[in-house]
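Number of protein chains: 2
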Amino acid sequence: MSFGRVAIIGLGLLGGSIGLAIRQHLPGVTTTGYDADPAVRLRAGERRLADRICASAEEAVKDADLVIFCVPVGAMGAAARDCAGALKPGVVVSDVGSSKATITEALCAALPGLAVIPAHPVAGTENSGPDAGFASLFQQRWCIITPPEGADRKQVDQLIDFWEALGAMVETMSAPHHDRVLAVTSHIPHLIAYTIVGTASDLEEVTRSEVIKYSAGGFRDFTRIAASDPTMWRDVFLNNREAVLDMLDRFLTDLAHMRESIIAGDGEAMFDLFTRTRAIRRSIVALGQDDARPDFGRSDHEG
Amino acid sequence: MSFGRVAIIGLGLLGGSIGLAIRQHLPGVTTTGYDADPAVRLRAGERRLADRICASAEEAVKDADLVIFCVPVGAMGAAARDCAGALKPGVVVSDVGSSKATITEALCAALPGLAVIPAHPVAGTENSGPDAGFASLFQQRWCIITPPEGADRKQVDQLIDFWEALGAMVETMSAPHHDRVLAVTSHIPHLIAYTIVGTASDLEEVTRSEVIKYSAGGFRDFTRIAASDPTMWRDVFLNNREAVLDMLDRFLTDLAHMRESIIAGDGEAMFDLFTRTRAIRRSIVALGQDDARPDFGRSDHEG
Ligand SMILES: NC(=O)c1ccc[n+]([C@@H]2O[C@H](COP(=O)([O-])OP(=O)(O)OC[C@H]3O[C@@H](n4cnc5c(N)ncnc54)[C@H](OP(=O)(O)O)[C@@H]3O)[C@@H](O)[C@H]2O)c1
Ligand SMILES: NC(=O)c1ccc[n+]([C@@H]2O[C@H](COP(=O)([O-])OP(=O)(O)OC[C@H]3O[C@@H](n4cnc5c(N)ncnc54)[C@H](OP(=O)(O)O)[C@@H]3O)[C@@H](O)[C@H]2O)c1
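Chains A and B are the protein sequences, given in the same order. The first sequence stops at residue 303 when you use the UniProt record's numbering, and every number in between is there. The second sequence stops at residue 303 when you use the UniProt record's numbering, and every number in between is there.
Chain A on its own, in the form it takes in the complex (with noise of 0.2 Å):
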């Protein structure tokens, strides 16, 4: 038995995402939208992100079967408190936070009683808001579910079901072990492009001119991750602080090994590293978690 009515709130790339995800795939659920923006409300009714569009978070709740908070990390408790009064017993809470152990927290928290079920779709690209969802951002996507102890069997199963639905593949974990896992796979990754784009822009010797011109050498890959929502991602490293700062240094410390490489004139060392990550590559290009034309298959590769 899937829900029948789904409750978004926060309707950008995310939530808008999930509205029309269900409207193709689940052609007997209704939605209902939220987002604390107005802006972004009218342009979630222009775009039909969710069936009705409602002026609060309450009117948005209050018949959900299901209510999926789509807000950055640190706004889910907030977001949740906002419209407590108004979920009906017996409605399954979840989310799609990129952090999962202190949004599990929080969630609980501002709901006592409530069933909460977190989830995390590993799906997203670059950009934000409400112009940024489309239908198929799930498909062929791992979307992990981190049930709490004590989690209502059934309705896990009907939320496993419904990300599926919407064509992901399922898996489910503890909260902590989410954490550590995508700190190393996204949090890490977003961290040190950050920063290296940061350090590109402040030199004085290269001009910024020629970073931006020379970029096709392996640069602008980090300037993708680099473009990603701020709001989130500073939501994202204040939430997953722990698990961060220990691939961090583990990072590092390898870093640190590089280097040593380096100044001895090392050649064994490297090639050795740079002969092992290379099957990793081809395990997620046979795994179907990226596209195996060179480049990615820019537009510029295609004569």
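Be careful, since some hints might not be right.
Said to hold, decoys possible - Stretch-level coverage of chain B by chain A, calculated; a stretch enters the list once three of its residues show a Cβ under 8 Å from a Cβ in chain A:
| no. | segment |
| --- | --- |
| 1 | 43-56 |
| 2 | 79-86 |
| 3 | 191-197 |
| 4 | 204-217 |
| 5 | 242-252 |
| 6 | 267-273 |
| 7 | 281-292 |
To be verified - Facing chain B, from chain A, some residues (calculated, C-beta under 10 Å):
| no. | residue |
| --- | --- |
| 8 | V29 |
| 9 | T30 |
| 10 | H190 |
Please keep in mind that the hints were generated in silico from the structure rather than gathered at the bench. For every residue, glycine included, the Cβ atom is placed at its ideal position computed from N, Cα and C.
Once you have looked at the hints, place chain B with the ligands on chain A.
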């Protein structure tokens, strides 16, 4: 006046792309090709990467007006010595190596008295070998030419014309400046990508299969870069050591600041950096150096 006969030494991604681009854009020019690897020569013949594939470097270069060395940075000196006796007077000697100062030295030492004008087309993919090349690789990409002091202006202009005919936009600068610019736009991004992919594959509590599964959160972009040719990149780091170490140390300083911001919970510092870095992305897309579609327009987002 363009070059009538071009010899390409090394028939991998770069050499092959030059051969194919000459056939497409400069039909009056005849090409010869040589590669140290017999299997590569065979495949190069099948793909017609050059008009004539030769069994020795000497044979390939003997009538050439322009010789382009397209071998790994560390092999430039040896490749030049291999054909030193056969080069005709007045020939222009160039290359496509990713670092420039040490290559200039190596080519000048191997070919005393000849005109050496090094170049670096800032264009590539993660693939290598005789099957990787394609005619449009240089289209709309920058090619940096680093004429040594005293280089003949007419010969430099001839080389500029040549690269422009293949579709590239040309800029000239000194070899040491090139090496600093590329350290930040290409070499450090590769060093970081190789290292973090290595860090991720060595974790114990996060399995390799988890890293692969959830790579769509950002990590997969790094794996593409870290799948680049190990020989090529070992040589780059061995040959551009000084500039790489200098840029690496600046990056490490900035990363230490970010680490402090995370520890201190300083959201404002993060937000500031994450906002600044978006501007660079916009300029890169505006200048046609990357794909503006979200997520590089990976195929999964066409829907
Ligand atoms: N982007 C990705 O790649 C990605 C991938 C997976 C998961 N996520 C997670 O998905 C969530 C949303 O990200 P997104 O990319 O969709 O962000 P987004 O495009 O910026 O959308 C978030 C929307 O929520 C609104 N909002 C903020 N506080 C609110 C509140 N208290 N009540 C109602 N609406 C509120 C925002 O309005 P204002 O702009 O006015 O604040 C904004 O319109 C985040 O938790 C993020 O970690 C993102
Ligand atoms: N790939 C990029 O993205 C990129 C971009 C710009 C510039 N570059 C530069 O372009 C150059 C070539 O890179 P690539 O990507 O084309 O490499 P590649 O695909 O591996 O091709 C290089 C070829 O040169 C051959 N070779 C090695 N030593 C030789 C010698 N002494 N004489 C003749 N042939 C020899 C190699 O044979 P073996 O395999 O048997 O050694 C290989 O077939 C490098 O200097 C690199 O720095 C690369």
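| Where does the structure disagree with the numbered hints, that is, which hint numbers, in rising order? | Going through the list in order, the structure violates hints 1, 2, 8 and 9 and respects the others.
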